[in-house]
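Going down the list, the sequences are from chains A and B.
One rule links them: number in our numbering = place in the first sequence (from 1) + 56.
Letter 183 of the second sequence, counting from 1, is numbered 179 in our numbering, and no numbers are missing.
If you are wondering where the hints come from, they were derived from the structure by calculation, not from laboratory data.
A couple of the hints might just be wrong.
Said to hold, decoys possible - Sample of chain B residues at the chain A side, in silico, Cβ under 8 Å: (1) T252; (2) Q289; (3) D303.
As the list claims (entries may be wrong) - Below, simulated DSS-like cross-link-like pairs (lysine-lysine); rule was C-alpha separation at most 27 Å, straight line: (4) B:K15 x A:K158; (5) B:K379 x A:K143; (6) B:K306 x A:K224; (7) B:K379 x A:K137; (8) B:K306 x A:K179; (9) B:K80 x B:K201; (10) A:K224 x B:K0; (11) A:K192 x B:K0.
Where a beta carbon is used, it is the ideal one built from N, C-alpha and C, also for glycine.
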Amino acid sequence: MSAPVRYSIEAENLTRVYRRGPEEIAAVDDISLKVEKGSFISIVGPSGSGKTTLINVLGCLDNPSSGKLSLEGRVVFEDSKGLTEAKLTRIRRDVFGYIFQKFYLVSTLTVLENVVLPFTFFKKPGADDDVGRVLKMLGIDKRADHLPGQLSGGEMQRVAIARALVNKPGILLADEPTGNLDTARSEEIGLILKELNAREGLTIILVTHNPRLAALADRTIELRDGKIHTA
Amino acid sequence: MIKKISIFEVAYKSLLRKKTRSILTILGIGMAAWVLVSLFGFNRGYEASLNKDIDNLGFQMLVVAKGCPYEAATLMLKGGTGLKYMDESIASQVAGEPEVEGVTPMLMQVVFDPNKGESGGLAAFLGVDPVSFPKMKSALPFKAGGWFSQPEAAEAVFGYEVAELEQREVGDPYLIPEKEVEVKVVGILERTGTQDDGTIFLPIKTVQKIFGVKELTSIGIKVKKDADMKAFEDKMYKLPDVQVVSLSQVKTTILTLVSTARVMVFSIALIAILIAMMGVVNTVLMSVMERRQEIGILKSMGAMAGDIFKLVWLETIILCVGGGLVGTGLALITARLTDVLVRNLLPYSPSGGLVAIDLGLVLMTLAVVTAIGLASGIYPSWKAARMRPLDTIRSEVDS
Chain A
57 MSAPVRYSIE
67 AENLTRVYRR
77 GPEEIAAVDD
87 ISLKVEKGSF
97 ISIVGPSGSG
107 KTTLINVLGC
117 LDNPSSGKLS
127 LEGRVVFEDS
137 KGLTEAKLTR
147 IRRDVFGYIF
157 QKFYLVSTLT
167 VLENVVLPFT
177 FFKKPGADDD
187 VGRVLKMLGI
197 DKRADHLPGQ
207 LSGGEMQRVA
217 IARALVNKPG
227 ILLADEPTGN
237 LDTARSEEIG
247 LILKELNARE
257 GLTIILVTHN
267 PRLAALADRT
277 IELRDGKIHT
287 A
Chain B
-3 MIKKISIFEV
7 AYKSLLRKKT
17 RSILTILGIG
27 MAAWVLVSLF
37 GFNRGYEASL
47 NKDIDNLGFQ
57 MLVVAKGCPY
67 EAATLMLKGG
77 TGLKYMDESI
87 ASQVAGEPEV
97 EGVTPMLMQV
107 VFDPNKGESG
117 GLAAFLGVDP
127 VSFPKMKSAL
137 PFKAGGWFSQ
147 PEAAEAVFGY
157 EVAELEQREV
167 GDPYLIPEKE
177 VEVKVVGILE
187 RTGTQDDGTI
197 FLPIKTVQKI
207 FGVKELTSIG
217 IKVKKDADMK
227 AFEDKMYKLP
237 DVQVVSLSQV
247 KTTILTLVST
257 ARVMVFSIAL
267 IAILIAMMGV
277 VNTVLMSVME
287 RRQEIGILKS
297 MGAMAGDIFK
307 LVWLETIILC
317 VGGGLVGTGL
327 ALITARLTDV
337 LVRNLLPYSP
347 SGGLVAIDLG
357 LVLMTLAVVT
367 AIGLASGIYP
377 SWKAARMRPL
387 DTIRSEVDS
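Produce the entire structure from the sequences given, and follow the hints as far as they go.
Pasting the structure below:
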């Protein structure tokens, strides 16, 4: 029997370089970090500091230029050769759930249809048994038959969270999830994330500009010019 | 509670987002399918009706005494004059040819009937062989009664229009004008839309006796199916003092005339299909570009490139099959109208329906529009499948 995995994410000297004409820009510059399983981490920093690039690389939405990346004890990247889009997709659907500033709900599908949409393409064994519980936990079970246009912003983000959770991800990546919400709704989403972390043991990485939201995390990482400023 | 939404449902509901655009695209394809079904329906219907008309004649070739009008209408125009005769022996001579399945001798006579119309008119009598003629013209439908009882019986079979005009029924007597000979009506034909409607049929021997003519005006020839028509026609042309009227020639001439119009309409249909295809590509491509971020999200939640390709391709196929159904439905509903319009445009139209739409044609059209859907969906689907989630989402969240 293998030993339980301690870290959800282990990154060593992770770098992501972009080319802008002749110029090379390191959006993520030699970052090493470990995210313990079941922890809640927030990433903050000014615009252009590399928060989204870091979360994209950690979340396998993008390949790093160099460095090593392990997810839930499995090395997924360790040389400078990028993974194909198909391989990245397979890792994504095994490990991650994503929520973004925009909710990206399909306007012609009901709340429930939006939530179970990931199953159209991929379903972990037994994942569909948990849909009712997830809807209830997020307080949208009574809105299951409504269309997104009939919901408030906070409710729509809750639907997006439910959609990210139905396939039982190990890690939830939230990129500015309250950017489109007012203060009250932002706090509501923050508390939901906190509760998901506490009750479900979900590893959460949150990128935000909102200091109140960042304060809900166990640990805050501040980025500046692609490097970790405070850990 | 549902546990999964099928990819078909996702595709279908994606199209509902821009209903007007989807409906207009479906209508565009529907118009192309409509033209296609109507055209193919016309293609089949016209040829079938023409063949039926020719089959109803019972023979593919007519040998007529040289200079003799071979149609009752021509004879009437000439005031019933100009009849020419040929010897009866020609019939047995023709019947002996190896290509011949059967012959039927005919003798046409025309008399002036003072009781016809307001100031009188011509009445056409066709003497036919009571054995070979009904056999050859087995498709001739009877409204009442039947053929003659004896080869020399004083009996008549009336075409539909003559019976209406003369107001005769089976069993009624009829007095042949000028000859003052009475015959009994034993049969009345259904309307055929041919010159048979205006003809009074009598046994050929009766006509020969009444009119004092021993010869024939024409011989109907049924040629064997595997015979070389062209070679047989050439052989018939060599007979002295006769002219040959080949119905296959008539048919070819008519079909050539119609095919010219058909080629033009086919070209229009092809253009309509190409335009519809461009419309589909445009609609689906626009939809893909508008949904870049959503496609990115689908990929972030585990959809592979193949899944996205399938989704967008399905949307295209739904549009095309929808258009196909609308088009075939329209074609079925307006078939009668198309028939009337086409009939007015053509130089000659057979008596039957000109547009024949059956299940096979509907299925073939649906297959064609589905193939169009498959072809026009390839590029937008490929474009969507290649999208990377990072590229589609980054613009929104870059910081």
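Hints versus structure:
1. At about 54 Å, the closest approach between the beta carbon of B:T252 and any beta carbon in chain A exceeds 8 Å, and the interface hint on this residue is violated.
2. Of the supplied interface hints, the one on B:Q289 holds, with its beta-carbon coming within about 6 Å of a beta-carbon of chain A, less than 8 Å.
3. Annotation: interface hint on B:D303 holds; nearest CB of chain A at approximately 5 Å, less than 8 Å.
4. Distance check on the hinted pair: B:K15 and A:K158 sit about 24 Å apart at the alpha-carbon level, within 27 Å; holds.
5. Proximity of B:K379 to A:K143 is assessed by CA-CA distance (about 19 Å); at most 27 Å being required, the pair is judged to hold.
6. In summary, the hint linking B:K306 to A:K224 is supported, as the alpha carbons are separated by about 25 Å, within the 27 Å threshold.
7. For the suggested pair B:K379 and A:K137, the alpha carbons sit about 25 Å apart, so the restraint of at most 27 Å is met.
8. For the suggested pair B:K306 and A:K179, the alpha carbons sit about 18 Å apart, so the restraint of at most 27 Å is met.
9. Between B:K80 and B:K201, the direct Cα distance comes to roughly 18 Å. Compliance with the 27 Å bound is thereby established for this hinted pair.
10. The hinted pair formed by A:K224 and B:K0 meets the criterion: a straight-line CA distance of about 15 Å does not exceed 27 Å.
11. Distance check on the hinted pair: A:K192 and B:K0 sit about 18 Å apart at the alpha-carbon level, within 27 Å; holds.
Of the numbered hints listed earlier, the single one contradicted by the structure is hint 1.
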